[in-house]
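**Student:** One letter stands for each residue in the lines below.
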Amino acid sequence: MTTLDTRPIHDEVPGNYLTFRRGLLSWLLTLDHKRIGVMYLVAVLVSFFVGGVMALLVRTKLLWPGEVSWMTADEYNKAFTLHGAIMVFLVIIPSIPGALGNFVLPIMLGAKDVAFPRLNLFSFYLWVLGAACAVYSLLAGGFDTGWTFYTPYSSQFGAGGTIPVLVGVFILGFSSIFTGVNFIVTIHKLRPPGMTWFRMPLFLWALYATAVIQVLATPVLGITVAMLVIERAFNIGIFDPAMGGDPVLFQHFFWFYSHPAVYIMILPGMGIISEIIAVHSHRHIFGFRFIAFSSIAIAIFSFLVWGHHMFTSGQSPLMNVLFSAITFSVAIPSAVKVFNWLATLYKGSISLNTAMWYGLAFIFLFTIGGLTGIPLAVLSTDIHLHDTYFVVAHFHYVMMGSALIAMIGGLHHWWPKMFGVMFNETWGKIACALVFIGFNMTFFTQFMLGSQGMPRRYYLYQPEFQIYHHISTGGSYIMGLGFLITAIYLIHSLFAGKKAPANPWGGASLEWQCTSPPPHDNFATTPRVGDCYDFSAVSWDEKKQGYVVDAEAHVAAAHHGKGH
Amino acid sequence: MSSHAAHGHSHGHGEQHPLVGHLVPYSTLFATGGALLVLTVITVAARYIDLGEANIYLAIGIAVVKATLVSLFFMHLRWDRPFNLMVLVGSMLFVVLMMVFCMMDVGQYMGQENQGNAKQVQTYLDANAPFAPVTGKK
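In order, the protein sequence lines correspond to chains A and B.
So for the first sequence, numbering that gives the first Met the number 0 puts the first residue at 0; every next one is plus one.
So for the second sequence, numbering that gives the first Met the number 0 puts the first residue at 0; every next one is plus one.
Isolated chain A, as found in the complex (with noise of 0.2 Å):
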């Protein structure tokens, strides 16, 4: 713990990591994973806020099919671009991995931090800095290019904050390599003696597999909007095709990228929803291999599937019938995970909280989100429904509706863990209703959109398309209400809430065996670790009003080979 603030402690939970040490320094300077997993949460969920705002400027608009007055053809263009990159760059990517995952994973671990704790708060500021370029990036004139920053149109058009952005992404990158690094070091190096790799909990499997992507594709990223910023700055062609560039090509590495980016965006999600599953069932996960291994297999896939962003782009036809078929392999390991999912349930004993109801939401949005794949992956249905809002639904389904509700769920499963207070369950519920309802009809009637040819981006369209984009508004200000309601509830269980006790929930992994909020140093000793999916040695504690595990009963079965 490197802080100016040497003061004593006077709390009644002494080293609890929120009182560890007080005031504004001891927080910005901090090098325990759990406060810079928190500081992370606040800034992603401010993101998450504004771009937030921005899909509710988008889908107001489209209550017109016309032109408004309060909003040009210009601002639309910047307002969508402003949401995609907020929540692709801002939010959705280190979500989970840095506000979570910071959190989790080194308790999960039974260790007292990350593997380099420095390296994870520069990690953070690089997320602030990357934030800050795109801050002035709106006040350079603003971006508008969409989140995909597509040549030519970015590098010789686009409006005055592209290099900006671009800049701000690039230092958001090395932000996500660092965590990526600090986790598959954390994960290698300081798992306790016994935690084998098929003792460990899944939410590390898959932030192990994240990891993984973030290393090795993120640099392509880097280089690609370097490349594009240099075009822009000094003429050089590279991808502009009137400079002798080639802007396929920019496609090419942009999605090398942006596809297993969308796996560091739904893995680690896929990882919370295997905890809160085996957790809210109070059964042994099922299939422990075959989700650890098909998370590694989804990483495998993510990079050889790039190409089916770009079957109507002028990709060669030779390499579009390869993407679409490889594209059909990523369904085998996520249904791998569905189906596991599925048989945890079956036969458990289920606590509908409300981290279970997220996790079945998931369950339910995920499904929808990947067969609605299917039809974009074939060559010939994608060239009637590619830039149409079929995507446009499709993709909202896998990012939103599993990789942010997954981060919603996450939080919820975890929030009691993180702050010691509970959160009011009934309002959670209703909460989770308004966004599961909002959400579908949101982007489902963008199906329908897509399928008679509306296509996205577009701040025109014909009048008979009206209807669906009412009640797509409708339903945004639905998941919106949502999403304050539970804005609200939070922000009020850490004034009011009830106190948490160690293991609300009954959960068997070793995060729910130190106190909650946990203390500074997670553990005063390595614990020892059982089967973190065995539910036999956990038991309800009436005096405790929480959960408790009986470590002894909890290794020796372990041991003895029960639970797997």
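Read the hints as simulated data drawn from the structure, not as lab findings.
A quick note: this is a predicted structure, and the numbers were derived from the prediction, not measured.
From the three backbone atoms N, C-alpha and C, an ideal C-beta is built for every residue, glycine too.
One or more of the hints may lead you astray.
[Unchecked claim] Computed Cβ-Cβ distance ranges for the label pairs, DEER-style:
1. A:Gln451 x B:Ala58: 54 to 62 Å
2. A:Ser379 x B:Val64: 41 to 49 Å
3. A:Ala342 x B:Met85: 30 to 38 Å
4. A:Ala550 x B:Gly33: 54 to 62 Å
5. A:Pro192 x B:Phe82: 18 to 26 Å
6. A:Ala555 x B:Val64: 53 to 61 Å
7. A:Lys188 x B:Ala45: 38 to 46 Å
8. A:Trp69 x B:Phe82: 56 to 64 Å
9. A:Ile295 x B:Gly51: 41 to 49 Å
10. A:Tyr135 x B:Ala45: 49 to 57 Å
11. A:Ile436 x B:Val63: 57 to 65 Å
12. A:Tyr135 x B:Phe82: 40 to 48 Å
13. B:Met85 x A:Thr525: 25 to 33 Å
[Said to hold, decoys possible] Away from chain A, derived, C-beta distances all over 10 Å, residues of chain B:
14. Pro24
15. Tyr25
16. Ser26
17. Ala45
18. Ile48
19. Glu52
20. Ala66
21. Leu71
22. Phe72
23. Leu84
Chain A is already provided as a structure; the job is to place chain B on it using the hints.
**Tutor:** The following block gives chain B in isolation, referenced to the frame of chain A:
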């Protein structure tokens, strides 16, 4: 070789790790350095022999051998655990994957691409829609 034995074993958890990395004797380092210099000379010399298309394959082949020597001896992969070698080779495979797929694609559509009309669009916009927002970069 100083402590090959200590490094040959698998490094399970809880096992004591040496405080310093693997030590490679000077003789090995100089021999590797010498080999790299010799290969450099061969690369330069090969440039003067006309082998047609084979020239490029020869140059790349020598470069691969040199990179392998650097990884194995200077970067100590020869004595490191196999996992690290796997990571290195895996990362290179990803680079190859990206380049091969992109080159296959570019090779297919090379010569057929539309040369683009960005300049014409800009000229048109300047003439007909001087206030159009897309003329952000002049």
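**Student:** Please go over all the hints and tell whether each is borne out by the structure.
**Tutor:** Here's how the hints hold up against the structure:
1. A:Gln451 x B:Ala58: 54 to 62 Å: holds, 56 Å
2. A:Ser379 x B:Val64: 41 to 49 Å: Check passed, 47 Å falls within 41 to 49 Å.
3. A:Ala342 x B:Met85: 30 to 38 Å: holds, 32 Å
4. A:Ala550 x B:Gly33: 54 to 62 Å: Because 59 Å falls inside the window, the suggested range holds.
5. A:Pro192 x B:Phe82: 18 to 26 Å: holds, 20 Å
6. A:Ala555 x B:Val64: 53 to 61 Å: holds, 55 Å
7. A:Lys188 x B:Ala45: 38 to 46 Å: holds, 45 Å
8. A:Trp69 x B:Phe82: 56 to 64 Å: The hint (56 to 64 Å, Cβ to Cβ) holds, given that Trp69 (chain A) and Phe82 (chain B) are roughly 58 Å apart.
9. A:Ile295 x B:Gly51: 41 to 49 Å: Holds, at about 44 Å.
10. A:Tyr135 x B:Ala45: 49 to 57 Å: holds, 51 Å
11. A:Ile436 x B:Val63: 57 to 65 Å: Hint holds: Cβ distance 58 Å, inside 57 to 65 Å.
12. A:Tyr135 x B:Phe82: 40 to 48 Å: Holds - the Cβ-Cβ distance for Tyr135 (chain A) and Phe82 (chain B), about 42 Å, lies within 40 to 48 Å.
13. B:Met85 x A:Thr525: 25 to 33 Å: Cβ of Met85 (chain B) to Cβ of Thr525 (chain A): about 28 Å, so the range 25 to 33 Å holds.
14. Pro24: holds, 28 Å
15. Tyr25: holds, 31 Å
16. Ser26: holds, 33 Å
17. Ala45: holds, 30 Å
18. Ile48: Its Cβ never comes within 10 Å of chain A, the nearest being 33 Å, so this holds.
19. Glu52: Check passes; 23 Å lies beyond 10 Å.
20. Ala66: holds, 18 Å
21. Leu71: Given a closest Cβ separation of 22 Å, the condition holds.
22. Phe72: Holds: least Cβ distance 24 Å, greater than 10 Å.
23. Leu84: Holds, since 15 Å exceeds 10 Å.
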